[in-house]
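Asks: Please build the complete structure, drawing on both the sequences and the hints.
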Amino acid sequence: MSSDDERGCLGCDEAAATAAEEAAAARRAEVAVASGFLVSTAGAIGLAVVYWQGGQPQLEGLFLALALGGLGLGFVLWSRRFMPHDPVVEARHPIASTEEEVDRFRQEFEQGEVILTRRKLLVRSAGLAVAALGAALLFPLRSLGPRPGKGLKDTPFRRGVYLVTADNERVRAEDINVNGVLTVFPEVEPNPEDPEEPPRPALQADSPTLLIRPSGTPRPQRDMEDGIVDGLVAYSKLCTHVGCPVGLYQADNHLLLCPCHQSTFDVLDGAKPVFGPATRPLPQLPIGVDDEGYVVARGDFNAPPGAGFWDRDK
Amino acid sequence: MARDRLVTRRVARWMDTRLGSAKLARTALGKVFPDHWSFLIGEIALYSFVVLILTGVYLTFFFDPSVNEVVYQGSYEPLRGVEMTQAYASALDLSFDVRAGLVMRQIHHWAALLFLAAMVVHLMRVFFTGAFRRPRELNWMIGITLLILSIFNGFAGYSLLDDQLSGTGLRIAHSITLSIPVVGTWLASLLFGGEFPGPDIINRLYVIHILLLPALIIVLLTAHLGLVVRHKHTQFGGRGRTERNVVGEPVWPRFAFKSIGLLLLTAAVLAALGGLAQINPIWLYGPFEPANVSAASQPDWYMAWLDGALRIFPPWETRAFGYTIPNPFFPAVLLAGITFMLLYLWPFLEAKFTSDTVEHHLLDRPRNRPVRTCMGTATLAFYLVLSLSASTDVIAVTFGTSVNGVLVSFRIAALVVPPIVAVVTYRLCRELQLRDEEAGMAPPERPRIRWELLRVWEWPGRRKEAKLAASRSTTAVD
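Residue numbers (the working numbering), protein chains in the order written: chain D, 1 to 314; chain F, 1 to 478.
If you're looking for bench data, these hints aren't it; they were derived computationally from the structure. Every residue, glycine too, gets a C-beta built ideally from N, C-alpha and C. Hints may contain errors.
[What the hints assert, rightly or not] Which bits of chain F does chain D cover? Going by a derived footprint, with three or more residues having C-beta under 8 Å, they are:
| hint | stretch |
| --- | --- |
| 1 | 170-178 |
| 2 | 267-277 |
| 3 | 440-453 |
[Claimed, not checked] If you only want the chain D side, here are some residues facing chain F, beta carbon under 8 Å, derived:
| hint | residue |
| --- | --- |
| 4 | G61 |
| 5 | A65 |
| 6 | S79 |
| 7 | I95 |
| 8 | G145 |
| 9 | V242 |
| 10 | C260 |
| 11 | G270 |
| 12 | P273 |
| 13 | A278 |
| 14 | K314 |
Replies: Printed below as a string of structure tokens:
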């Protein structure tokens with residue numbers, strides 16, 4: 001504006017015209033800012049009404065957005081249109097202290113240091129005490145969990161433990177058709193304190209097992225020849241990669257697929273990993289049938305189920 | 001002293017005579033901030049965090065992190081009568097029976113996604129413009145720490161609900177912890193309070209999520225902002241802008257208003273998302289059952305690179321002397337460790353390799369640092385490929401191809417795409433520089449990169465030489 005004025009009267013009319021335009025524009029901007037605030041008010045009222053009327057998530061979000069957004073837009077427009085924005089210059093000062101200041105600090109600190117370190121015995125014994133306290137304070141962390149032991153390697157499966165469904169019902173070998181898959185668990189005794197409570201074998205996180213009758217002759221893992229009951233095999237359902245349940249059975253090519261990271265295991269070939277990041281076969285559970293045809297475990301898995309860990313082979 | 005008629009002035013006067021607040025406030029309001037759109041990204045992160053705290057506090061009033069088994073009796077019909085943990089049941093109640101609970105939960109989740117996204121983009125801004133150089137290395141490291149803590153806190157947050165998806169995520173986290181050599185089994189046991197799923201993990205994650213990590217984040221955030229004040233903000237070069245000044249606008253009134261406006265607009269966008277865009281519909285996943293899993297199990301976006309790395313890493317693991325270093329250790333623990341270690345060290349590596357140890361307050365244009373820029377984009381490309389790898393199954397289903405084919409292509413892409421991106425970026429930078437020169441801009445001075453330093457085995461020799469040179473120069477002075 002000011003530069004226009006200096007050009008003399010040639011632009012006087014124009015200047016007046018622009019001044020009028022500016023005033024009109026300012027007026028419009030004022031209205032815009034105020035409408036932002038009014039939208040916000042309306043949004044807030046809407047929010048309160050919706051809540052009062054029983055609530056509705058979409059409308060709540062929408063009205064809250066209007067209330068916040070109207071206010072925010074009003075503030076931004078206000079600042080852009082009506083607040084000075086001439087750049088201001090501020091000097092930067094050196095961040096480091098001057099040599100003199102450093103020296104003075106050093107002198108004062110070293111005075112204290114000399115007093116402190118004069119008594120060697122005191123310094124050393126204090127250091128020892130602090131170190132001992134620090135070490136002692138680590139001990140309570142031990143309370144956070146039990147010593148990791150056999151728990152990672154074994155499951156409740158033992159010789160003679162029945163394989164049951166999630167509803168704790170025993171499974172007959174002939175109930176599983178060709179290409180059939182069933183997730184089973186070790187049988188759970190009813191809770192002696194509350195016999196009414198339905199037992200939930202599925203809560204045992206390390207023992208989900210897949211009972212599969214593939215079409216074709218499954219080749220067992222090493223030393224598991226007598227762990228198969230006429231074409232019926234049992235493998236741990238936990239992927240040997242990071243322990244996701246291997247949930248997808250592609251019956252036509254006998255492959256078990258883990259939905260988490262796509263490790264794939266060949267059921268006909270000892271559940272060997274054939275694709276994806278898994279490195280170890282799914283542990284096999286040796287099974288047999290009792291006199292009535294119910295499937296029963298003949299021992300625990302032949303390897304720790306689930307993800308690998310440091311001393312899994314020990 | 002004349003008595004002020006305005007109440008606000010009287011209050012201000014009262015405060016000033018107790019705190020000397022007028023002086024402080026004047027300094028604060030007069031602080032100069034340079035103006036550039038890219039400086040707002042960090043603010044968006046800060047404001048998402050404000051929204052996280054506000055909505056999060058609301059959620060704590062209703063959520064119950066207990067693993068006691070209950071039978072659900074709430075108003076979501078399909079799950080009524082189902083046994084589940086109190087944690088999952090209370091999350092369902094929050095979603096269906098607490099008025100305004102669902103919108104708060106969804107805003108909280110969206111705010112977490114935006115928080116992490118804004119942090120990563122802010123990190124990119126700081127990286128590509130060289131804002132991490134001396135004297136700001138410490139603040140860079142605080143920023144990286146904030147990113148790590150926030151990733152952990154995000155994971156802890158969505159793992160609390162004990163639905164099928166979060167339980168699967170926890171199982172994977174447990175397995176990754178187990179995979180750490182020597183101490184993994186101990187760590188997993190101490191963290192989970194026993195074998196997976198452990199009776200304590202939800203409760204512990206809750207304390208970590210709402211107390212421990214937020215407290216650390218608040219402390220570090222304060223330090224982060226404090227250091228911005230101490231160092232004064234960086235600025236791009238331009239007329240009148242030098243290493244010795246800051247050109248911008250004072251906090252009061254325009255900057256303050258704009259910033260409050262940005263806070264409100266960020267919150268508004270999150271509110272709209274929270275209301276209109278469904279996120280983490282836990283009622284569809286069902287309660288966590290260790291033996292079940294849903295297909296297309298994917299983590300939130302900021303964990304996707306880890307999940308992708310788990311998927312495409314080849315089936316290798318080491319077994320020696322009867323001990324195992326399981327496969328997940330390499331893509332999850334080692335890769336994450338190297339990633340964040342390199343991020344922490346970057347300012348020092350760059351200073352070393354360019355012999356550039358002076359203070360910088362003027363920002364680089366990315367094109368003028370082609371090597372840094374192409375390394376940055378290549379790294380981004382690598383993590384983008386990893387993140388996309390977390391969707392191999394979804395991609396395979398969507399395009400009707402085999403999962404195996406998709407996975408193998410991603411393995412190749414992770415190795416091939418970053419170098420290509422690096423070369424393209426480098427060429428682009430040079431082209432842009434040439435164009436600048438044609439337009440008459442003075443070519444910026446570029447530090448020579450001492451690639452020979454990559455020969456690490458020569459470092460001891462170099463040190464000896466440097467010592468010799470130093471002793472020679474002192475004797476010469478004598």
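Asks: It remains to establish, for every hint, whether it holds in the given structure.
Replies: Status of each hint after checking the structure:
1. 170-178: holds (count 6)
2. 267-277: holds (count 9)
3. 440-453: violated (count 0)
4. G61: Interface hint status for G61/D: holds (1 Å vs cutoff 8 Å).
5. A65: holds, 4 Å
6. S79: This interface hint holds because 4 Å falls under the 8 Å limit.
7. I95: holds, 5 Å
8. G145: holds, 4 Å
9. V242: holds, 4 Å
10. C260: holds, 6 Å
11. G270: This hint is violated: G270/D lies away from chain F, its Cβ roughly 16 Å from the closest one there, beyond 8 Å.
12. P273: Status holds, d = 6 Å.
13. A278: This hint holds: A278/D lies near chain F, its Cβ roughly 6 Å from the closest one there, short of 8 Å.
14. K314: holds, 6 Å
Going down the numbered hints, you'll see the structure goes against 3, 11, while the others check out.
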